[in-house]
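Chains as they are written, first to last, in this note's numbering: chain F, 8 to 340; chain D, 8 to 340; chain G, 8 to 340; chain W, 8 to 340.
Hints may be right or wrong, so weigh each one.
Stated by the list, open to error - The calculated DMTMM-like cross-link candidates involving lysine to aspartate or glutamate, where the alpha carbons are at most 20 Å apart (straight line), are:
| no. | chain 1 | residue 1 | chain 2 | residue 2 |
| --- | --- | --- | --- | --- |
| 1 | G | Lys73 | G | Asp13 |
| 2 | D | Lys164 | F | Asp302 |
| 3 | F | Lys73 | F | Asp154 |
| 4 | D | Lys253 | D | Glu98 |
| 5 | D | Lys152 | D | Asp77 |
| 6 | D | Lys152 | F | Asp302 |
| 7 | G | Lys152 | W | Asp299 |
| 8 | D | Lys164 | F | Asp299 |
| 9 | F | Lys164 | D | Asp299 |
| 10 | G | Lys164 | W | Asp299 |
| 11 | G | Lys164 | W | Glu293 |
| 12 | W | Lys164 | G | Asp302 |
| 13 | F | Lys253 | F | Glu98 |
| 14 | D | Lys164 | F | Glu182 |
| 15 | W | Lys152 | G | Asp154 |
| 16 | W | Lys253 | W | Glu101 |
| 17 | W | Lys164 | G | Asp299 |
| 18 | D | Lys253 | D | Asp216 |
Just so you know, the hints here were simulated from the structure itself, not pulled from any lab data.
There are 4 protein chains.
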Amino acid sequence: MAWMDDSIVARRGEGWSREPVTHFLSEAVQGRYHYTIGPYSNPVLRIAPGDRIVVETRDAFEGAVKTEQDLPSKVLRMPFVNPQNGPILVEGAEKGDTLAVHIESMLPRGPNPRGTCAMIPQFGALSGTSLTALLAADLPEIVRKIDVDEKGVYWSKRVTLPYRPHIGTLSCSPEIDSINTLTPDSHGGNMDLPDMGPGSISYLPVRTDGARLFIGDAHACQGDGEVCGTAIEYPSTTTIRVDLIKHWTLEWPRLETEQMVMCIGSARPLEDAARIAYKDLVLWMEAEYGFDRWDAYMMLSQCGIVRLGNFVDPKYTVGAGILKRYLSEASYS
Amino acid sequence: MAWMDDSIVARRGEGWSREPVTHFLSEAVQGRYHYTIGPYSNPVLRIAPGDRIVVETRDAFEGAVKTEQDLPSKVLRMPFVNPQNGPILVEGAEKGDTLAVHIESMLPRGPNPRGTCAMIPQFGALSGTSLTALLAADLPEIVRKIDVDEKGVYWSKRVTLPYRPHIGTLSCSPEIDSINTLTPDSHGGNMDLPDMGPGSISYLPVRTDGARLFIGDAHACQGDGEVCGTAIEYPSTTTIRVDLIKHWTLEWPRLETEQMVMCIGSARPLEDAARIAYKDLVLWMEAEYGFDRWDAYMMLSQCGIVRLGNFVDPKYTVGAGILKRYLSEASYS
Amino acid sequence: MAWMDDSIVARRGEGWSREPVTHFLSEAVQGRYHYTIGPYSNPVLRIAPGDRIVVETRDAFEGAVKTEQDLPSKVLRMPFVNPQNGPILVEGAEKGDTLAVHIESMLPRGPNPRGTCAMIPQFGALSGTSLTALLAADLPEIVRKIDVDEKGVYWSKRVTLPYRPHIGTLSCSPEIDSINTLTPDSHGGNMDLPDMGPGSISYLPVRTDGARLFIGDAHACQGDGEVCGTAIEYPSTTTIRVDLIKHWTLEWPRLETEQMVMCIGSARPLEDAARIAYKDLVLWMEAEYGFDRWDAYMMLSQCGIVRLGNFVDPKYTVGAGILKRYLSEASYS
Amino acid sequence: MAWMDDSIVARRGEGWSREPVTHFLSEAVQGRYHYTIGPYSNPVLRIAPGDRIVVETRDAFEGAVKTEQDLPSKVLRMPFVNPQNGPILVEGAEKGDTLAVHIESMLPRGPNPRGTCAMIPQFGALSGTSLTALLAADLPEIVRKIDVDEKGVYWSKRVTLPYRPHIGTLSCSPEIDSINTLTPDSHGGNMDLPDMGPGSISYLPVRTDGARLFIGDAHACQGDGEVCGTAIEYPSTTTIRVDLIKHWTLEWPRLETEQMVMCIGSARPLEDAARIAYKDLVLWMEAEYGFDRWDAYMMLSQCGIVRLGNFVDPKYTVGAGILKRYLSEASYS
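My request is simple: use the sequences and hints to build the entire structure.
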């Protein structure tokens, strides 16, 4: 894709011009998956900036929901869900740097029905939950097993949804915390943002030596907000290229696509996630694209793009973006 | 537009098949504009279902911000802002019915620079406000006057934004309350939803005899969330066709476009606005499109569309939608 | 009560030193009660500053819940609940003034069981509601009729709660809005703050000529937050003395008791209600008690008192207070 | 104190009837303090149920703010704040048990001015923060050094506040997460609840073998909500007695005092913290005190006590309590 040549990672990545070495992070190489993202686990791989990794991700239920009779409340054992590959060490990465993760492709893996969607007790946006604690009875617990291939998500006899794969959980390690894989925060984590699919480049703050990249939670598609609490969870073969941008210090993750750059906030209530994202975007436009701060703020009020990742996880995730063409127009002024 | 023939209003409206009478609600006919939406003001027009109205809306500052030196804190007198045309009585409308408002066109009105965008003290998503009360100093007060025509919004020398007009405030009267024109709620009001533009059909709950339609607050364009607190506010000539759907009782407003139907919630915190919208959409799919409730809920988790109207008004507005083609596919099952 | 002589109203009220005229606002004088607080209803009484009024309040269900079989969903017709006495015109009151309402006494009225507590569908803090919209089933609908006298609230055979009466809803009219009696806001309204009982003085912003005082919603007792949605709702004979403080312009209601002064905020989410209350208290300490702003802020972090009124109404209510002795100590510095 | 003999820990603790061994967890024994609460750090002490520990806590700034010129933004290095003593292993403690921590006494330690209060940039309830991200300028950064002794907190020449010591941060380890010491959650952590002082008994969920108790963050006094972001932070000698209740599985911390039992929730927005606390209290009254669920819910609506810990930390903390005498009255019914 031609636009990639002018992407941030292409211009600033340490290893983008190198011929990438390709690593294979299979299930076997991974061994034990991780349920918490932090500095206390043993690396499974060490790569150089610019390398490619082919990752075998497991689905968010780690394969335990095999049929529509396998109810999550029976077959899952909390908090051991949303298994992550990694941590992957990136040579030369240090606190204050940024890791760039370009998703090259996401392919379904394993036999059909590969996809799983579930209504889980005390989970989902229209149910009482462990955090929005109510005395109301739980919604019914329901599992749907769904055929998925590279052409579609076969929801029902009548409805086929497009295959729009993306990575639900992605991040480097926090500095001293270790955070469960259900919770997004300033490190990234379980953002469940549909824009984080093939072609996108995620920029993640590095907070420990080696960055310690974690990745998992592939979705074959997801609606805005992931309202029932789960997407089409499926095992994938996800190919990423990982690079390092030295001395670019982010407070929160960012995302680049062909058309757009986006800042990502995760918080509760939901407006605070949107505030984080928009504030970071204003400051970015000021710092790197030649905007006056208030001009950026007022212009985003006219052309800002908001994407709701999830409003079901322990923190909610919002992306605030702007079309790149407005940035380039401005940068010449 | 051919899709209109299969729209909800075309199928269910009392007067859609009639040849519409066209009314002209000019500034002169309107006389005094309104700053509160309720049952206590005198109607300015009486129409039959299916009639067309050409409305001269004033901008949200009622024209008082003529230059970039006219600071809102000086030239506005609260709460007399966001002036509305109306109320318009619709014959035969009664509590429990729904009013359909099809926006046919929106044209700029008056001399350029017609558009106004402002950062107003104690207003906007990234400032302390009267409701998110802080001790932090206000952001600077800034006014931008912007040329607007039917081809574009001329933000700056380098950036031209597309002309994407929409109505910011639209509603029937509440039953007994009278609500200021800054606040959206279940009646509609100041939703600031960019999807409410030409071609769209809004469905609004009727709660008093005659419906008492109010309309105003035209925007030449607006980003998702209206982050600085204002859009490109401008005076417009807005042409609407208004119809009545008897015995269709809505709790919250809904919207139809060529591709999509959408439910609209307004509340704080922002997740509650999204909950209202998604719940209403689930129940609508169950009631009128043949979906099982839980199938609708789980499917929206895969293909639901969320649109953020504003997160700056006294209540925030979110739309939750679904592509019509998924509804029609399902309705045959 | 001796402390009253040094209260704000005693020092600043227009009519406090006058011999009060006593008015009787009986059910018969009131006639039709009000379900919305605004400038559009006809006054039932006109008083001079400093006058006393004996008010016959009806319970929040307007007497319709007579037995434990009278389910609210059957016997109530929304939005016609929480009936208010008034509006009462106060001579000389103008926008920018403050009304002081000293509650002298609250006596139970009518035959026992006078008290009513109910779990109402889609209402209460631990249930899905019309604003926190969920797909969860409603909690059971339950009515409790409770004997109440001046000595106690006879909850059950084993548990007698103290009689701690207070007024749930109190306010002057907004300037142009008319707001339903379930919703508190900057005008006051349905604050459901247990501190607003006999002995207290409420200070309410005046926004229209004559102030237009509304009062109702007596509670025989209430826990912090009114968690199930209702208190011990009962009909009362409430005696108030009403005075006028000219040119004291409040943004939000305030409260004075023997020990404490308090500022009251109403908003969602709950932290915004607390922010409003604390900010107003800081600014008050700065404006009238000789505190440096930041000293007040930091000192309240050590001795501020927070009272949760309700977190069940359309807006939640929080009071932030400080013991008067800390103010007087400071004022001599 | 006689009431202790009838406390929950006295009736159910494994070691309460034993003669306690007293351990001394001095600064020297502690060595390196901890900034994250989790299962990955090395224990500093191993005790038997019922043992007493004398703990030398450091203040939340770890002594780095020695004068009013030591601005936090200069002398602190995030995230290395709020240092904790521990982890302390308790013999026999296993996931599913509860740890009881009775605070016997809290004495000031070190030379005066021992107390520190600070306004820290991007922190506090009336400022933009890292989570409620705004473009507003920071409040001024101010440090107050305060004399503290067992009789008072000497705020200023005119105002002396009572010495009301309590522990701000207390918890067992989460199962797999390691959580920074600024954040409260279901494990406990930085709750900043003024009720957690001498005489109180905290009940904490055990989630790992040995419980791994952490304690720190002593406050000489604190107002409700800790509005500016800090209390009177000071180094203390805190004496606790720690016991183990087997097979009592809590979801969230609880607290017992002479008069009251309380459940504690931590979440954002603030109403969700209150929901967690009240729900847990309802279920506790049902499970262990013989209440019908709905009777408990409705009765708490009349007599529930809400205590606001903080609304400044990454999650806010609320306690919901009931007087024990209402429980004992009910338990005989």
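We went through each hint and held it up to the structure:
no. : hint                : verdict
1   : G:Lys73 / G:Asp13   : violated (43 Å)
2   : D:Lys164 / F:Asp302 : holds (13 Å)
3   : F:Lys73 / F:Asp154  : holds (12 Å)
4   : D:Lys253 / D:Glu98  : holds (11 Å)
5   : D:Lys152 / D:Asp77  : holds (10 Å)
6   : D:Lys152 / F:Asp302 : holds (13 Å)
7   : G:Lys152 / W:Asp299 : holds (17 Å)
8   : D:Lys164 / F:Asp299 : holds (14 Å)
9   : F:Lys164 / D:Asp299 : holds (14 Å)
10  : G:Lys164 / W:Asp299 : holds (14 Å)
11  : G:Lys164 / W:Glu293 : holds (17 Å)
12  : W:Lys164 / G:Asp302 : holds (13 Å)
13  : F:Lys253 / F:Glu98  : holds (11 Å)
14  : D:Lys164 / F:Glu182 : violated (44 Å)
15  : W:Lys152 / G:Asp154 : violated (54 Å)
16  : W:Lys253 / W:Glu101 : holds (8 Å)
17  : W:Lys164 / G:Asp299 : holds (14 Å)
18  : D:Lys253 / D:Asp216 : holds (12 Å)
Against the hints set out earlier in the document, violations occur for numbers 1, 14, 15.
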